[in-house]
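*Asks:* Following the hints, put chains B, C and D in place on chain A, whose structure we already have.
4 protein chains.
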Amino acid sequence: MTTSRLEAFSDGVFSIAITLLILEVKIPKHEDLLHSGGLYNYLTSIWPSYLAYAISFLVIGIYWSNHHWLYSFIKKTDHVFNLLNILFLMTVSFMPFTTAILGDFISDPLYRNASVTAYCIGYVLPPATVIIMVLYAGHHNRLMDPLLSRSFKNRFIVKLIFGMLLMGSAIALSFNYPMISMFIIGFSLIMFLLPPTKPIYNLPKQSSESGN
Amino acid sequence: MTTSRLEAFSDGVFSIAITLLILEVKIPKHEDLLHSGGLYNYLTSIWPSYLAYAISFLVIGIYWSNHHWLYSFIKKTDHVFNLLNILFLMTVSFMPFTTAILGDFISDPLYRNASVTAYCIGYVLPPATVIIMVLYAGHHNRLMDPLLSRSFKNRFIVKLIFGMLLMGSAIALSFNYPMISMFIIGFSLIMFLLPPTKPIYNLPKQSSESGN
Amino acid sequence: MTTSRLEAFSDGVFSIAITLLILEVKIPKHEDLLHSGGLYNYLTSIWPSYLAYAISFLVIGIYWSNHHWLYSFIKKTDHVFNLLNILFLMTVSFMPFTTAILGDFISDPLYRNASVTAYCIGYVLPPATVIIMVLYAGHHNRLMDPLLSRSFKNRFIVKLIFGMLLMGSAIALSFNYPMISMFIIGFSLIMFLLPPTKPIYNLPKQSSESGN
Amino acid sequence: MTTSRLEAFSDGVFSIAITLLILEVKIPKHEDLLHSGGLYNYLTSIWPSYLAYAISFLVIGIYWSNHHWLYSFIKKTDHVFNLLNILFLMTVSFMPFTTAILGDFISDPLYRNASVTAYCIGYVLPPATVIIMVLYAGHHNRLMDPLLSRSFKNRFIVKLIFGMLLMGSAIALSFNYPMISMFIIGFSLIMFLLPPTKPIYNLPKQSSESGN
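Residue numbers (our numbering), protein chains in the order written: chain A, 20 to 231; chain B, 20 to 231; chain C, 20 to 231; chain D, 20 to 231.
Okay, chain A solo, but in the shape it has when bound (with noise of 0.2 angstroms):
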């Protein structure tokens, strides 16, 4: 069974998941313009709403290039796979609620901790699947390119696992630090932007061409 369905299917999750965070940023009300004092003031106040859309945005983007940067090497797929992917994207799926209470909550000192708590859990499990994905396909080759490098495998998976203590740590302290907590998630951010590393195979270096 080929993975195309799959990532088609995947790439209409998250071109919705990524559309739908527009609509966790509030359209006021008339009262809340009394509130606010006008439709200026409340357009600037609520700009921890366009920050965290920017960011969700931006996060659920980089997890659509990953995805498809990780089936540039899992050319396969099967029962259990497919239902791994289906939990994948229901963590994807599940941002535009944690980015709704982060931009809703994060400006409230009485919430803000509990707003940065819930946004780092989000934030994380899409990740986090991700290495169940990768251990299930990697496991004697299930799924994945038998030709990839070893080390290429090794490094990736390490790298998916300081990511989730980093992460971890930024859960743990978002209960009393959240802004180190978000500073955190910033600098992930910065290294999930970084280009992805190119897959190592091993010879007959041909099959990296025709692998593409």
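Hint data in this document are derived by calculation from the structure and do not stem from the laboratory.
Hints may be right or wrong, so weigh each one.
Short derived list, chain B residues pointing at chain A, Cβ under 7 angstroms [said to hold, decoys possible]:
#1 I35
#2 T38
#3 S207
Stretch by stretch, here's where chain A covers chain B in the computed footprint (C-beta under 8 angstroms, at least three residues) [to be verified]:
#4 65 to 77
#5 87 to 93
Every residue, glycine too, gets a C-beta built ideally from N, C-alpha and C.
*Replies:* Just chains B, C and D now, kept in the frame of chain A:
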């Protein structure tokens, strides 16, 4: 008329319906947080919404997967089958509604029974439509691969009818014992998670090959 | 310029508009349930919303199907036709709004007439746009297959105009007799459910073959 | 790396953003109808929402069309350009928000100026991002067809910068003269509706052929 456009359109509807589920997990307002005692409390108190989201995401994901499986042995379509497929999509798109009902009211003893009844009905509508589709497509091999073995078709229909009976009893029980109904849903979900059986073709065996 | 991208984009809009319909079936709040006497009562009392959902789902599904049929004999496109197609999609995407109006207010005698008027107008806009598209594409065979028979084209336009007159009368009647308008909608829906007529081509017959 | 996946993903985002616009046309509640004097009155009183819907639908439709035109001479992509494209989609998906602001508040003299400012900013963000994309892709023909004529590229950038200046003045004027800003938007929309100029290629002429 081939089924490729029908499948692409259906994939679009599946991916949207599955992603819309998150819109039914409610973002709290400031007033809600006063009642629930803070954002941490709120976020943990709505666990039935997370559960309903996860179950329905899985269910729609499985329906998507089974829909593709169905079209692996239904190779052509006609006007009536197109309409039946639209009817099927209508029942799939209905799930975000019953999911929201379940998530919002299952934790409230006053409304638990009704919320489970609604969810069970929403859950059973897509497979009920599939029975009609299969009977129509299979009648004198109207749209099915004529080499598909009779025993495979019969077993498929028996399974669908057994599923209907199971879910019918879940609906009936939900009026008084909603938790038993939820247990039946969980059980049927596990059955659904098993890999679908491979279509069995009569000789000549080659057609099975070219059929993929 | 071929129509494939236009069709793919249109398919996307169709599949989203059809799936968004469910967002217009309202999830009750706890207060709503106090008024309506429990969740069972609420869920049965909103049957007009289910009906509006089902009708509009069918209508958009049929518009999707007819759109594909249209593009079976409109083989190329130009800038103006692209814009007309966007205009057409604008009218299709409008249907979730008029559907919600119908579902929410048809059971209220005070607002029934207005809700039916709104729905009739939303219902007639897509075919009205199709007339413009067909006249533009058919003018001196600008974008249509030149072998398409003149009698087929004429019959198609006569049908569209007849449909317009029918729906125009439904709009006019809705101000006083909304139920007659709903009956006309039901009738036209049944007409729509009939299989579309096959395009008729002049000799040489082969072009019809290669045209698919 | 070819642009086909990027274009498919972008098409998905375009089709969702354009269809989400309808969710911003508000369904009335029963209380709203008491204030506005019936459903007929309500439905006519929200004409600014219809207008905002129509304008934004057209705008996103044109951005979609121009996006495809852009990719007719940008034939490959790299990691940075992928990120720029995500940035571009972020600005397109933002439009349902500013559209809702415009539709809800342009008819209220108190908030008219702010609503038009918001809309103008939302309107100018996508083309502003396109400038960055074009500069990046065109730098030493990094991603553009090397045979694309220099004069065509220069004229394109001049047009984009002229459009920026026009829209910049629309933003500046909106603080005091919002109706002049709306007039500028209308004017630029008409300019947008004109067919895009054909890319001009240097000799050898054949590459233009194979480029399509």
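*Asks:* To test your reading of the hints: which numbers does this structure violate?
*Replies:* Violated: hints 3 and 5.
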